[in-house]
Structure formats: structure tokens, C-alpha cells
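Visitor: Given chain A, put chain B in place with the hints provided.
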Amino acid sequence: MKLISLLDRLAATPGAPTTATPRRELLQQFGRVAVAALPLAFGSLPAAAGTKETSYDALTQLLLLERLQKALYTQALAASGLIPATQIAGFQRMLLHQTQHEAFLVLVLQNAGAAIQPVPTFDFSGRHGVSANPVLFPNVLSDYDAFLALAQQLEDLGVRLYKTHTFSVSDSQALKSLLRQHAVEAEHSAHVRGLRRGRGVVVKNWPSDADAPIARPAAAQALTTAATGGDENVFQYLTAGVKVPFSNFLLIRDNTAIHDTALAEAFDEPVSLAVAQAALSLFI
Amino acid sequence: MSESIFSPAWRAQPLGRRGFLRVSAASAATAALIGATGCSTQTPTPVATDPYALSLSTGDAGLVQYAYLLAMAQATLYQKVVDAPPSDLAAAERAIFADLRDHEVVHREVFKYQLDPTASTVIVPADLAFSLKSFTLTTRAGVLAAAQQLEDLATAAYPVLLTLLTTTSGTLLRDLLLKTSSVHARHAATVRDLLSPGSFANDDVVENTGALAGQIRTKTPTEVNTALAPFFAPYVISIANLAVPV
Chain A
76 MKLISLLDRL AATPGAPTTA TPRRELLQQF GRVAVAALPL AFGSLPAAAG TKETSYDALT
136 QLLLLERLQK ALYTQALAAS GLIPATQIAG FQRMLLHQTQ HEAFLVLVLQ NAGAAIQPVP
196 TFDFSGRHGV SANPVLFPNV LSDYDAFLAL AQQLEDLGVR LYKTHTFSVS DSQALKSLLR
256 QHAVEAEHSA HVRGLRRGRG VVVKNWPSDA DAPIARPAAA QALTTAATGG DENVFQYLTA
316 GVKVPFSNFL LIRDNTAIHD TALAEAFDEP VSLAVAQAAL SLFI
Chain B
885 MSESIFSPAW RAQPLGRRGF LRVSAASAAT AALIGATGCS TQTPTPVATD PYALSLSTGD
945 AGLVQYAYLL AMAQATLYQK VVDAPPSDLA AAERAIFADL RDHEVVHREV FKYQLDPTAS
1005 TVIVPADLAF SLKSFTLTTR AGVLAAAQQL EDLATAAYPV LLTLLTTTSG TLLRDLLLKT
1065 SSVHARHAAT VRDLLSPGSF ANDDVVENTG ALAGQIRTKT PTEVNTALAP FFAPYVISIA
1125 NLAVPV
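Protein chains in written order, with our numbering: chain A, 76 to 359; chain B, 885 to 1130.
So that you can see chain A by itself, here it is in the shape it has in the complex (with noise of 0.2 angstroms):
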């Protein structure tokens, strides 16, 4: 699988510390550690381990979006004007609580005696280091709207990540603390959308159907649909195969009309790891 190949790749960065081992090896490792209970331990890797989503994964890729998004709050909080004098102590606590996330997953992962990966370089141009590449998302670092709709779509996607990897880890408290890492990402996207709306754009603080759509290129397409793709879903199931019959029970059992927007509102959906890393990677 592309992602696999991605991590094996990632693992062998040049510069990865060398205690770098293959990735199969780590998970090896990771399903040993986990049996012995430590505090942070895991579950038990699946059985097709090859081709389901382990935990590693999932912590992996949460600690590259905390450092994609402290990365961001360090560069923007450093550029001299970028953020107005009245919002930087906001962006200082996202700042914070990013980097306070980072640290918990580190340590998580630490626990399990699993691999850290080695910080990438991040390129919020989008030309991944490359001068001669197109720049996907100009002036993030020196146009406070282009920076915040960059920001709003990295806290969108943090959101779902959380969604999307909290329950792959099965230790109680690490669960509870991946959960209340996720309320404090989705605080922080509605703050950023709220300052995004306070400028004048058509955007409320949840993904919407009715937010104006952020122009990117085809080539960096890629972010928003991991950020709000699909959050016009205005489908959910309780029962394999069966959809919630919202329809009966909103407008008829009950008399209470719900558009199909805010009954879409109403829900924050999860992204696929792929999809995510499809995102992640535009910056790396």
C-alpha cells in the first residue's frame, strides 16, 4: 500500500535516528510491548496487520499533523505583521497546546516502545523544497487570510484524524487523553473559522455546506478534501447497511424541520489514513 510504502520510506529518511529499524520489525516490536501491559500499551495488532490500520500508524500520523500544525503557529507567530496584535495570544495558545500534544504522543509512543519519527522539513509553499516546483498555497506566511484558511484546514483536518485514529488505541487513559486532545483541535477550529468569518468570509465556526469554498489548485486539492470532504454527509447509521431514518423522525414524528445543511452540521465526520496522508504530504 502507498502509506506503507510511505512510513518505510519516512523510516529511512536519511538523518532518521539509527535506531531506525524496518517498519515490519517495529511492529513486532510494538505487538511485544503492548502484551507486557506498560501503562500506554496498546492492543494487540490485528491479525491483518498488512492491510488494516495498527496504532502505530495511527500515532504516527497524528504526531506529524501536531508538528505540521506547530510548525505553522511557529513560522506564522514569527513572521513580523502576519497576525494582527489582538489575535497572536490566540495563536500562541494553539501554539501551545500543539506542542503540548506533540509531547504526549512522543511519550505515548515512547511507552510503547515504538520508533519516533524524525521531524520533517515542512514546506507550506507546497513546492516540497523545491524551488522550481509550483507554489500550491502562496503568501500562507505573509497574507494573514491565506494563512488563516491554510489554519482553518489543517484544525479541520486535525479533527478528523482524531476521529479517525483515537480508537485503534485500546489502552483506557491513552484513549482518553487521544479524545480530549480532539475537543481541544475542534475548539481551535472554530476559533480560527470565527476569525476567518470576523474578515469577512462567508464561513461558520463547523464545516458547512454553506462555507465559501477555499480556492486551491488541482494540485493541492488534495488538503481540502482531507479537511471537509464529504462533511456534507447527511448520512449515519446505527445499524450495518441501514441508514438513520432522520427524515421520519425529525419532520414527522416529531414536527421538528431540520435542513439537510444543519443535519449535516450536526456531525463531524472522520477521514481515511490515506486520504489524510494524501493531505500531509503536499507539505513535506
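I should point out that these hints are in silico values taken from the structure, not numbers from a laboratory. All C-beta atoms, glycine included, are put in the ideal place defined by N, C-alpha and C. Accuracy of the hints is not assured; some may be wrong.
Selected chain A positions facing chain B (in silico; Cβ < 7 angstroms) [as the list claims (entries may be wrong)]:
(1) S247
(2) A258
(3) D343
According to the in silico footprint, chain A covers these stretches of chain B (three or more CB under 8 angstroms from chain A) [unchecked claim]:
(4) 965 to 972
(5) 981 to 987
(6) 1018 to 1026
Guide: Leaving out everything else, chain B in the frame of chain A:
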């Protein structure tokens, strides 16, 4: 005590029937004891229980009931604000409250559907209500403060609630609750920023020291139930059947 203050449908609901809130076993036993010692000549009555003592179910159903009560509380508040908005609440802010109302109605109703898919059971006493009388709903600041109180509470409740769910019947219920949990956090940050710009995810709701710094502060079902108790009076809701968080 007048019997007219609780609904006949509610009284008719037999103990142990699949339903939302049942008369708790403890209060039923107490009432039976009182009946035995104080009214020995009277024929035992089928309603000799405290009509205001309610108990959440065991297992995942009880957790959905818990989520239902939170959604009901919020929907009640927002419906009131939508129906009678304070004069100083701006049009854009009224639109936000309309969205909050819609989201919470969806949550409340989907939880009700989960508990009672065929709408065949009386799942809640007709007069069980979330009281708004302690809030100041005539001013913008008052409605935002009320909203913040309830959204902070729900945001704090969900990380614990989600860890208590079992997956014995699959993960769909858990996933659905997870999808609603971040919506509460979004709501909380939204009303916080409206009431006091930049107060989203502040230290009063996010841990700021120790190994758990950067994580939302949580509340156990016991803490949440205590916080909600004054609003549901005269009903007294027991969560003794819920699993205890680790």
C-alpha cells in the same frame, strides 16, 4: 402529593420495561418500606414509588440516555433563545443560535431514535423538563453565558462517555457519538469567543500543567449529573447504573 403532576403514560410504564428512564430500584424499595410500615391496612398500590426518582439504564443504553439529557438541555435553551432572542443579540448571532438549536435537536432526536426506534415506548416523563429559570435570557451576555455553561459541560462529558461505551454491538453507536462530541467542542469555542473574544480553549477548560497539559478538562457522569441536577428538579436522576470511569 397530587397524582396529576406526572403523566398517566409515565406511571403506566412498568418497571424493567425497555425505556428511557425507570423508577430506580432504591427508591422503589424505600417506598415499599414506607408503605409496609405506615399504611398497613391499605392495599398495596402499583404506584407506591417516588415518581420523581429516575434511573438511567445499565450499559450503552444508559450512556445514550445520558447523551440524550445533555442534548435535551441544550436544545431547550437554544429553542428558547430562537423563540425569544434578546434584543441586543445581533442577527448573525441569532443565526448561530438557530444552528445550535438545529444541531442539538438532531442529536436529541437521533439518541431518542437509538433508544426507541419505533417510537412505541414512553421514554421520558411528559413533565421532565430542563428548567431555564436560573439563566438570564433577556440579554446577549446572558444567553451566551448559558450556552457556554452547557457547551463546556457537554464538551467535558464526552471524552469520558466515549471511553465507557462498549462495542459489543459494533462500533456504529460509538462512532456516531464521537461525531457529535467535536460538534460540542466547536459550539463551546464559538460561544466562548462571542462572549469574550479569544477565550476559546482557555485554561479554565484545558489542562495547563502536567503530563496532560493541552487536553480538555473532563467531567465524569457523576459530576455532570450533579451539575444538571438543579435544572431537572423536581426529578432526581440516578446514574448509579452507569459504569464508573477509570
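Visitor: Which hint numbers doesn't this structure obey?
Guide: 4, 6
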